[in-house]
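Starting from the known structure of chain V, fit chain S onto it as the hints suggest.
Number of protein chains: 2
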Amino acid sequence: MADYTKMWSELGLDLEGHDALLSVLGGAYTDIFLSQKNRPEGMKYFDFVMSEVHGLRIQELMDAKAQGRKVIGSYCVFVPEELILAVDGVSVGLCAGAEFNFEGAETLLPRNTCSLIKSAFGFKLGKVCPYLEASDVVVGENTCDGKKKSYEMLAPLVKDLYVMDMPQMKSAAGKALLKEEYRRFVAKLEEVSGKKITVDSLKKAVEVVNAKRKAVKRLAELRAADPSPISGLDALLVNQVFFYDDPIRFTDSVHKLCDELEERVKQGAGVSAKGTTRLIVSGCPMAVPNWKLPMLIESSDVVIVGEESCVGERGTRWLTEFKGGTVEEIIDSITERYFNIDCAIFTPNPSRVEYVKEMTEKLKAQGVIHYSLQFCQPYIMESSPVEKELEKSGMPVLRLETDYSQEDAGQLKTRIEAFVERLKKK
Amino acid sequence: MADYTKMWSELGLDLEGHDALLSVLGGAYTDIFLSQKNRPEGMKYFDFVMSEVHGLRIQELMDAKAQGRKVIGSYCVFVPEELILAVDGVSVGLCAGAEFNFEGAETLLPRNTCSLIKSAFGFKLGKVCPYLEASDVVVGENTCDGKKKSYEMLAPLVKDLYVMDMPQMKSAAGKALLKEEYRRFVAKLEEVSGKKITVDSLKKAVEVVNAKRKAVKRLAELRAADPSPISGLDALLVNQVFFYDDPIRFTDSVHKLCDELEERVKQGAGVSAKGTTRLIVSGCPMAVPNWKLPMLIESSDVVIVGEESCVGERGTRWLTEFKGGTVEEIIDSITERYFNIDCAIFTPNPSRVEYVKEMTEKLKAQGVIHYSLQFCQPYIMESSPVEKELEKSGMPVLRLETDYSQEDAGQLKTRIEAFVERLKKK
Chain V
-7 MADYTKMWSE LGLDLEGHDA LLSVLGGAYT DIFLSQKNRP EGMKYFDFVM SEVHGLRIQE
53 LMDAKAQGRK VIGSYCVFVP EELILAVDGV SVGLCAGAEF NFEGAETLLP RNTCSLIKSA
113 FGFKLGKVCP YLEASDVVVG ENTCDGKKKS YEMLAPLVKD LYVMDMPQMK SAAGKALLKE
173 EYRRFVAKLE EVSGKKITVD SLKKAVEVVN AKRKAVKRLA ELRAADPSPI SGLDALLVNQ
233 VFFYDDPIRF TDSVHKLCDE LEERVKQGAG VSAKGTTRLI VSGCPMAVPN WKLPMLIESS
293 DVVIVGEESC VGERGTRWLT EFKGGTVEEI IDSITERYFN IDCAIFTPNP SRVEYVKEMT
353 EKLKAQGVIH YSLQFCQPYI MESSPVEKEL EKSGMPVLRL ETDYSQEDAG QLKTRIEAFV
413 ERLKKK
Chain S
-7 MADYTKMWSE LGLDLEGHDA LLSVLGGAYT DIFLSQKNRP EGMKYFDFVM SEVHGLRIQE
53 LMDAKAQGRK VIGSYCVFVP EELILAVDGV SVGLCAGAEF NFEGAETLLP RNTCSLIKSA
113 FGFKLGKVCP YLEASDVVVG ENTCDGKKKS YEMLAPLVKD LYVMDMPQMK SAAGKALLKE
173 EYRRFVAKLE EVSGKKITVD SLKKAVEVVN AKRKAVKRLA ELRAADPSPI SGLDALLVNQ
233 VFFYDDPIRF TDSVHKLCDE LEERVKQGAG VSAKGTTRLI VSGCPMAVPN WKLPMLIESS
293 DVVIVGEESC VGERGTRWLT EFKGGTVEEI IDSITERYFN IDCAIFTPNP SRVEYVKEMT
353 EKLKAQGVIH YSLQFCQPYI MESSPVEKEL EKSGMPVLRL ETDYSQEDAG QLKTRIEAFV
413 ERLKKK
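Sequence lines, in order, name chains V and S. Under the numbering used here, the first residue of the first sequence is numbered -7, with each subsequent residue one higher. Under the numbering used here, the first residue of the second sequence is numbered -7, with each subsequent residue one higher.
These aren't lab readings, by the way, just hints derived from the structure by calculation. Hints may contain errors.
No copy is singled out in the list; a pair is fine if it fits within one copy or between any two copies.
What the hints assert, rightly or not - Calculated cross-link-like contacts (lysine to aspartate or glutamate; reagent style EDC-like; alpha-carbon spacing at most 16 Å):
#	residue 1	residue 2
1	Lys167	Asp157
2	Lys380	Glu98
3	Lys206	Asp11
4	Lys195	Glu91
5	Lys57	Glu8
6	Lys57	Asp238
7	Lys162	Glu172
8	Lys162	Glu144
9	Lys380	Glu144
10	Lys315	Asp192
11	Lys248	Glu52
12	Lys206	Glu313
13	Lys36	Asp251
14	Lys151	Glu346
15	Lys29	Asp293
16	Lys(-2)	Asp244
17	Lys187	Asp400
In this text the structure is predicted, and so the values were computed from the model without any measurement.
Next comes chain V alone, as it looks inside the complex (with noise of 0.2 Å):
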């Protein structure tokens, strides 16, 4: 990696901190990425990114910057990206996935909050997320309770939190709100940039946005064959590097992979050996680099095939529909796409759990973990009925409740072994 201090001095990091942060994390990834055995040449592309993800990649954002391009950083699947690239702002997700600087996190937050919460506010006390100082504006949007109240102490802390309303149930009222809010999106959008969407600008980001989403559901579908042709943990990655990656440089290279692994499936070659255990991993989103999970799970003969997720399907299996060719009609369409999600914030949610069912099928996995961050009412609230359903359809699940730090390692990986034992025994 080039030497970027001037860069991050400039963006007010703390350099120490952020040298110790990166030093930790390239460890890591080491560890559990680069040690992984026939691993597909093209994760050579993501290992470069995430070499540089607090390098080259905010150099670009800096340099987009520069020609006057505004960097919109957010924290959920919730905010529409087709607007923001209809402005042709940057955006960008934004560093919750680390336990950083908790202590300092703790000063504003309870105790009893989510470690992706505490995540991004130990990230912005700490002074060590280049995209979010590189952030013109940071969407905050009333999801669970806990983002939504964290949010009111976020604000003084970042340059422009902008925060989007949520509807909490799927009714027309509801996404009467979806729609009136995301109109608010544009408007402030088009404020901050100081251009106006049109309906040139609004299709071609439509496309771009679905080409991505297209990559990784073709992803997603290779893992169907036995033996996987990718890992769990990359293919997370993958999904991962969805959010800040430039999406048409993430588009041609997923497809790069998929090429690759299309090879392998038709070789029956795979990253495990044929009749390995597979699983679903279902519940909270993952936020980079939080692979606590998944390392345990794929370090106990698994292979992971899928993740019902916002860092995963849920966040990318719907496609923006054009049903109108007008500004205000594509709008509508991106409405009715994100309208689709079946986050745990929603009452009822059926439809997370028949897709959870549908992906078990299509994906031909034994056993389902669900995966609850400590503190997160909904997906932990939502835990046990997803459990009942599947098991009454003879799915079996195992469900477990974390947080990010590494202290509860060896028992989850206690339990996720007997489960395992549990599905072979089937």
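Same frame as chain V, now just chain S:
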């Protein structure tokens, strides 16, 4: 109390569990309430209500049902009593204030769920809440994540669970959503009651509920006197009885109590000596029989002079003001009224802390105890900014987080006493 065994049996109560509950409650009531010194005579009515809380009042509900009236149970101050009364229904608050059968509740709910929600499930699964069993419709509302998601699990356990959606922001779209939800609730009430809401029935209902609010407002204002003419425990009890007594009889009884308190104030008489330390309690609602914290506070040579809570001023301080004479216009006025409520589920929620300040001034309080139920994310998240804001204006704050168990009573008592010492030294 008369023998209500037959009625309780017919309601499907678990008689053994219910007897045990009543015995514990009766004992607690005697210890906490009847042992107080200098109680107003007017509290005798409320003592009687409490002694018949599962008896005579339930008999009244059954008599109302026999006459074709519907009993509508709810858990939240966002459910408009006006609308229920306008179809000649009976509005009752449902049991959620005691630690009963939490083992049962935890078979459905995550351990990290607040006591209020666990209590509602414990009472239902233990079959000891005659209000719940007598309800023709149980109304849930999407306030916090915990309640929102737990209603999905309550639905199969009760006859007719009706869930009301809630806004999360005080925006035009938020108000529109609430208005729409109240209209939908009107349709539901008209359907189950077989009665149409008319201008007359709605006006009368608004007047009845406003009168009830005016009565408790009168009570709240009398507590500005030093010495306070009534204890915080007794005032809280009145605010708790607000939720399930006959509204007209309740209003009369509160006014009788207030007449007596006015006389006390004139004579300079009170429940404790002039100059006793005066506190406001702000935060989560205290449903009957949750008297734990006020009991600990008032046994520390302190008088509580106000509750900023849903069971307190937050629930009652606004009247519904007629702005037009049609049913639609009155529903608009009702929406306006309820949309004021500054519950921590809203983001941002600045008027709440402003009102706490106002209360401390008009009630001449020397400090504020912020009360959060453990795992109640909205109030816990809001407690730190509330504390900072109040301390900035010179008002000392003690933040407490607890549940319904008695396990931490000693620890809380120590912290309260230390806080009171701090106030006395000022």
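Structure-based check of all given hints:
With identical chains, the CA atoms of Lys167 and Asp157 are at most 16 Å apart both within one copy (12 Å) and between copies (13 Å). Taking the shortest alpha-carbon separations for Lys380 and Glu98, only the inter-copy value of 15 Å comes in at or below 16 Å, while the best intra-copy value is 35 Å. Proximity of Lys206 to Asp11 under the C-alpha cut-off of 16 Å is found in neither arrangement, the shortest distances being 36 Å within a copy and 62 Å between copies. Proximity of Lys195 and Glu91 under a CA criterion of 16 Å is satisfied in neither setting, with 39 Å inside one chain copy and 57 Å between copies.
For a Cα distance limit of 16 Å, the shortest separation of Lys57 from Glu8 qualifies neither inside one copy, at 25 Å, nor across copies, at 71 Å. For the identical chains of this complex, Lys57 and Asp238 are intra-copy neighbours only, at 14 Å inside a copy versus 65 Å across copies, given an alpha-carbon limit of 16 Å. For the homomeric pair Lys162 and Glu172, the shortest alpha-carbon distances inside one copy (15 Å) and between copies (14 Å) are both at most 16 Å. In this assembly of identical chains, the alpha carbons of Lys162 and Glu144 lie at most 16 Å apart only when taken from different copies (14 Å versus 26 Å within one copy).
For the identical chains of this complex, Lys380 and Glu144 are inter-copy neighbours only, at 14 Å across copies versus 36 Å inside a copy, given an alpha-carbon limit of 16 Å. For the identical chains of this complex, Lys315 and Asp192 are intra-copy neighbours only, at 15 Å inside a copy versus 47 Å across copies, given an alpha-carbon limit of 16 Å. For a Cα distance limit of 16 Å, the shortest separation of Lys248 from Glu52 qualifies neither inside one copy, at 22 Å, nor across copies, at 74 Å. In this assembly of identical chains, the alpha carbons of Lys206 and Glu313 lie at most 16 Å apart only when taken from the same copy (13 Å versus 54 Å across copies).
In this homomeric assembly, Lys36 and Asp251 come within 16 Å of each other (Cα to Cα) only inside a single copy, at 14 Å, whereas the closest approach across copies is 82 Å. Within a single copy, Lys151 and Glu346 get their C-alpha atoms no closer than 41 Å, and across copies no closer than 26 Å, so neither meets the 16 Å cut-off. Taking CA atoms no more than 16 Å apart as the test, Lys29 paired with Asp293 passes inside one copy only; the shortest distance there is 12 Å, against 70 Å between copies. In the homo-oligomer, the alpha carbons of Lys(-2) and Asp244 never lie at most 16 Å apart, since the shortest distance is 31 Å inside one protomer and 74 Å across protomers.
Proximity of Lys187 to Asp400 under the C-alpha cut-off of 16 Å is found in neither arrangement, the shortest distances being 49 Å within a copy and 58 Å between copies.
Checked against the numbered hints given earlier, the structure breaks hints 3, 4, 5, 11, 14, 16, 17 and satisfies all the rest.
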